[in-house]
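Engineer: These are the residues of each chain, in order.
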Amino acid sequence: MAAKASRAAFGEALIELGGRDERIVTLDADLSKSTMTVGFARQFPQRAFNLGIAEANMIGIAAGLALTGRVPFACSFACFIVGRFETIRISVAYTNANVKIVGTHVGVAIGEDGYSQMGLEDIACMRALPNVPIVQPADELETKQAVAYAAEHVGPLYLRLTRQNLEPVSPADYRFRLGRWCLLRAGTDVTLIATGGTVFNALRAAEQLEREAISAEVINASSIKPLDEEMLGRSAAKTGRVVTVEDHSIAGGLGGAVAEWLSEVHPTPLKRIGTTVFGESGDPRGLYAKFGFDPAGIARTVAKFMGR
Amino acid sequence: MADARLEAIARACRVRIIRMLTHAGSGHPGGSLSVIDLLVAIMFGRLRHDPSRPDWPERDRIVLSKGHAVPALYCAMAAAGYFSEDALLTLRKLGSPLQGHPDRVALSGIEAATGSLGQGLSVALGLALGAKLAGWPSRVYCVLGDGEIQEGQVWEAAMSAPKLGQPDHPVENLTVIVDYNRIQLDDFCARVLDLEPVVAKWQAFGWPVIEIDGHDMGQIAKALDQSEAIKGTPTLVVAHTIKGKGVSFMENNPDWHGKAPKPAEAIRAIREILGVSERGWEAHLATDAATAGIVAELRRLDAK
Numbered sequence: 001m002a003a004k005a006s007r008a009a010f011g012e013a014l015i016e017l018g019g020r021d022e023r024i025v026t027l028d029a030d031l032s033k034s035t036m037t038v039g040f041a042r043q044f045p046q047r048a049f050n051l052g053i054a055e056a057n058m059i060g061i062a063a064g065l066a067l068t069g070r071v072p073f074a075c076s077f078a079c080f081i082v083g084r085f086e087t088i089r090i091s092v093a094y095t096n097a098n099v100k101i102v103g104t105h106v107g108v109a110i111g112e113d114g115y116s117q118m119g120l121e122d123i124a125c126m127r128a129l130p131n132v133p134i135v136q137p138a139d140e141l142e143t144k145q146a147v148a149y150a151a152e153h154v155g156p157l158y159l160r161l162t163r164q165n166l167e168p169v170s171p172a173d174y175r176f177r178l179g180r181w182c183l184l185r186a187g188t189d190v191t192l193i194a195t196g197g198t199v200f201n202a203l204r205a206a207e208q209l210e211r212e213a214i215s216a217e218v219i220n221a222s223s224i225k226p227l228d229e230e231m232l233g234r235s236a237a238k239t240g241r242v243v244t245v246e247d248h249s250i251a252g253g254l255g256g257a258v259a260e261w262l263s264e265v266h267p268t269p270l271k272r273i274g275t276t277v278f279g280e281s282g283d284p285r286g287l288y289a290k291f292g293f294d295p296a297g298i299a300r301t302v303a304k305f306m307g308r
Numbered sequence: 001m002a003d004a005r006l007e008a009i010a011r012a013c014r015v016r017i018i019r020m021l022t023h024a025g026s027g028h029p030g031g032s033l034s035v036i037d038l039l040v041a042i043m044f045g046r047l048r049h050d051p052s053r054p055d056w057p058e059r060d061r062i063v064l065s066k067g068h069a070v071p072a073l074y075c076a077m078a079a080a081g082y083f084s085e086d087a088l089l090t091l092r093k094l095g096s097p098l099q100g101h102p103d104r105v106a107l108s109g110i111e112a113a114t115g116s117l118g119q120g121l122s123v124a125l126g127l128a129l130g131a132k133l134a135g136w137p138s139r140v141y142c143v144l145g146d147g148e149i150q151e152g153q154v155w156e157a158a159m160s161a162p163k164l165g166q167p168d169h170p171v172e173n174l175t176v177i178v179d180y181n182r183i184q185l186d187d188f189c190a191r192v193l194d195l196e197p198v199v200a201k202w203q204a205f206g207w208p209v210i211e212i213d214g215h216d217m218g219q220i221a222k223a224l225d226q227s228e229a230i231k232g233t234p235t236l237v238v239a240h241t242i243k244g245k246g247v248s249f250m251e252n253n254p255d256w257h258g259k260a261p262k263p264a265e266a267i268r269a270i271r272e273i274l275g276v277s278e279r280g281w282e283a284h285l286a287t288d289a290a291t292a293g294i295v296a297e298l299r300r301l302d303a304k
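Chains as they are written, first to last, in our numbering: chain X, 1 to 308; chain P, 1 to 304.
Some hints here could point you the wrong way.
Anything over 12 Å on all C-beta distances counts as not near chain P; from chain X, calculated [claimed, not checked]:
| no. | residue |
| --- | --- |
| 1 | A8 |
| 2 | D113 |
| 3 | D173 |
| 4 | T188 |
| 5 | K225 |
| 6 | A237 |
| 7 | T239 |
| 8 | P295 |
| 9 | A303 |
| 10 | K304 |
To spell it out: a stretch of chain P is covered by chain X in this simulated footprint if at least three of its residues, at any positions, have a beta carbon under 8 Å from a beta carbon of chain X; those stretches are [unchecked claim]:
| no. | stretch |
| --- | --- |
| 11 | 97-107 |
| 12 | 112-118 |
| 13 | 144-158 |
| 14 | 239-245 |
I should point out that these hints are in silico values taken from the structure, not numbers from a laboratory.
All C-beta atoms in this analysis are idealised placements derived from N, C-alpha and C, irrespective of residue type, glycine included.
Chain P extracted, bound-state conformation:
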């Protein structure tokens, strides 16, 4: 039951990701669609937070180190009540707090500016250590891109983490998740700079590693449970995902790393996300006023 609720939220977020990127005319759909299940599972499955008090010191924190996937985070934040859903359509527009990559100063609820890859894990370590020093029960979730771990700073952080704060303040309150969708901007990671063996590398740096299907809400929840139970060290979760998950023509296609869909593509993407056949689409829209409104709006956008 819990899984069905999270899956429904994730599905709604996928529609919004497509919609907002189409309005923005640029952005990163592939990695947003691969990471959204993970973000929804964290934010709606266990995050201790209060959207009305984003500066509550003892909150849990999410650091989206792969900042280019921030449309996914914005959609989850809007669904949680950090800001209105209408604001999503201001993504990447002049004056919007929804910057193309996360801006902590512009938008309450963003924990750190990211987007320059490789930096988020270090900040997350500092947050986790700071929470321990303060005696807060806060947990920190850090989401890394797979291509991102090509950055050297990630391995500086990985090397430092198991010993950081020991013996009194180990950063066991940190769960790091690699969104392993196997594709980076230019091409498949294995062709650009192979990451493998990912699990063995992190284990060699002293991390307990859990491997899961990053689109399976049950597996994500179990991994998060396990990471909370591990004491004395942070945990790494390797989440195997599909870039562009939910949209057939985006899935596993490097071309959709950083390109916004055109309105017609967006309408097809939304239909696929909702699991409706082409033939049944008009009938579906007749019964789904919200989606019909989005489709009408996208068609108007197309006509412009």
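Chain X on its own, in the form it takes in the complex:
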């Protein structure tokens, strides 16, 4: 498989699922070309609703549709859709409406558009809701399975997707399961837990670290909520050191979730890689280097954490 953005894989998966599941509908807020639901809209024009630049209304309509038996995918940039948090909180979560909230264009990886378009706090917001699982797939194979899972999951769910292309990382026989992570590389000295666009870079970082005689275990944490507590506990016990890697704020993101669990259940030295400042404009590669999300940056942080 070639590299593909998870938003693109999502768009393809929706068309395929939509053909066999009449319940699926899409809602957009004037970004259907960017969220990649435009193909579904072309195929199923009666089941695609563009509500204009009015995300809160879109979320509420999605809730009403869900309560009449549809399976709505409500889509926008992560920052814009989760920005209407209070509507998600009451009309979707508290109402327990079967809405799939889809946030695309996550992280500094979107590049030139700059901070106002970057989803960097969306996980933190959505994690606080009691009944909303959070899924961020790492490649095309996993995205297609995660979208299929989302359609079958009964209840709200948040799907976090990238603008940028993602290199394949999942094994060919991979099967997505909520609350289950995928061990991509076994190691003994440190556990790298990455999600979404940083998973491939964490694998590359592990290769570099191997040359420095550091054996890094690499896990794809696509299920950000719930965590795979079993794999987390087992790996932390084995390596004794954990590093989380995410293109999101370290406050409340995957790193926050892992920190909370480890400190309560299995205290383990932890380093969180993620953002601590606002994002900015620039080319995505340069931004990843600046924020330390590229293989070299991850390897550097891990080596320092290991006392090298």
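Go by the hints and put chain P onto chain X.
Structural biologist: Chain P in isolation, oriented as in the chain X frame:
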């Protein structure tokens, strides 16, 4: 005759609103008393529903977007048989499905969680569209507060509604009612953030608008008839109401937006709702065992 039946139900609900809020010790009497005639007119005048099957897919639906007035909805639901009247006294108490604002998960028959103002119309649009897509004959009634339409999401919804689902699934099966009692939490709406011109605003957004006296059962029924007859678009009904309607010291008084009556105030309120003079009250209670029981109970509450 039909009006007299609905008026009697509404009167009984008003007594229960006062009673349950007094037991709860908190809540919103003003907006509950302004909206109860509208809710009774819908639920007992035309709603296609079955309280024994609250999940019947093809039912009509009520979304009380002004969720703080939910005591009114609870009273109408109890009167319709969704749950026992005794449950009304659990309002706002630990473990009760009668939450301070509507909770769809906790209480069957509630269509959507509301209480964070401005959200209900969007959900109602989705319900109406979903019913159309499913081919159900369901009608959706959405009740907005007047102050609530200060929320921006309401206008997102208002702008989207006339075109939603067109051309095959217009949400003509939606009636939206503004409970225009002119008062919000802090003060009169005109002093906080003036809503006017309300009718012209909704018309400019493409909505047919009907103005009525929201306490006149005949006018409410006629407006609901008219809204059902309008095809191709949802309808807005501006119902002019009186906040605290039926209780002299609550009427048109912003102080009674979100404050429960004390037992002595509640007894006076109930007497006024029943239209009994102070002088005739004890004689009335001698002939009205149910009310006498409520009054005795409120007096005991006062003594505590």
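Engineer: Let me make sure I understand: some of the numbered hints might not hold for this structure. Which ones are they, in numerical order?
Structural biologist: 14
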